[in-house]
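S.K.: Going down the list, the sequences are from chains V and P.
When you read off a place in the first sequence, starting at 1, and then add 166, the result is the number in the working numbering.
When you read off a place in the second sequence, starting at 1, and then add 2, the result is the number in the working numbering.
Since the hints were made in silico from the structure, they are not lab data.
All values reported here derive from a predicted model rather than from experimental measurement.
Check the hints yourself; a few may be wrong.
[Said to hold, decoys possible] Chain V side only, calculated, beta carbon under 10 angstroms to chain P, not exhaustive: (1) Pro200; (2) Gly207; (3) Pro210; (4) Gln247; (5) Phe267.
[As the list claims (entries may be wrong)] Mimicking SDA-like on lysine to any residue, the simulated pairs with C-alpha atoms at most 20 angstroms apart in a straight line are: (6) V:Lys208 / P:Ala26; (7) V:Lys171 / P:Glu75; (8) V:Lys208 / P:Met43; (9) V:Lys208 / P:Thr9; (10) V:Lys208 / P:Phe12; (11) V:Lys208 / P:Pro85; (12) V:Lys208 / P:Ser20.
Even for Gly, the Cβ is constructed at its ideal location relative to N, Cα and C.
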Amino acid sequence: QQQVKQSPQSLIVQKGGISIINCAYENTAFDYFPWYQQFPGKGPALLIAIRPDVSEKKEGRFTISFNKSAKQFSLHIMDSQPGDSATYFCAAFFGNEKLTFGTGTRLTIIP
Amino acid sequence: NAGVTQTPKFQVLKTGQSMTLQCAQDMNHNSMYWYRQDPGMGLRLIYYSASEGTTDKGEVPNGYNVSRLNKREFSLRLESAAPSQTSVYFCASSEGQAQAYGYTFGSGTRLTVV
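Please put together the full structure from these sequences, using the hints given.
M.R.: What follows is the structure, encoded as structure tokens:
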């Protein structure tokens, strides 16, 4: 069962634009929401994460926005650069369970 | 500082053949995981090991077996490969099940079953 739904599947953004990837979850027990970044031929790597007691977390050009009542969270990449081209996965986690991943978004930044 | 090392990086198998994917971590992590990645499906958990000596099924365990050889090594075995097992396989480790932010992934094994 898909407990974390991610959209869009692919995204093309012009250099300097804002990239937005959305995720929705079903299990209200989830209490930790990381985003992973994966470059071609590499494994995913932790990018940024948020807990549901805050509505936003920013690290450089990357921001997570979290809406607990709507059970949604999103990744915003400001001033998108060609080096940001990668596949992005949202994920969710609670207690002693394992990470549940979204289906991934392939982001392409064009000059 | 190698992190998580997977071997081999690429493999082609014929239907019915068997093979073992190897994974080793040098971070003294307790928990290790095997995921498969397929287009449009994201990362799906095959098996995991919360600690040395324990293993448990994940979301898609059928057709696979695992062995937690010691704290460092966690192998994935395909006893009789099928074309449906064509995928990219990732091994990951973390300090503990509760330490989700500590997941470290290897670079993957691209497996093709013909």
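S.K.: So which hints don't hold here, by number, going up?
M.R.: Per hint list: 4, 7, 11, 12 violated.
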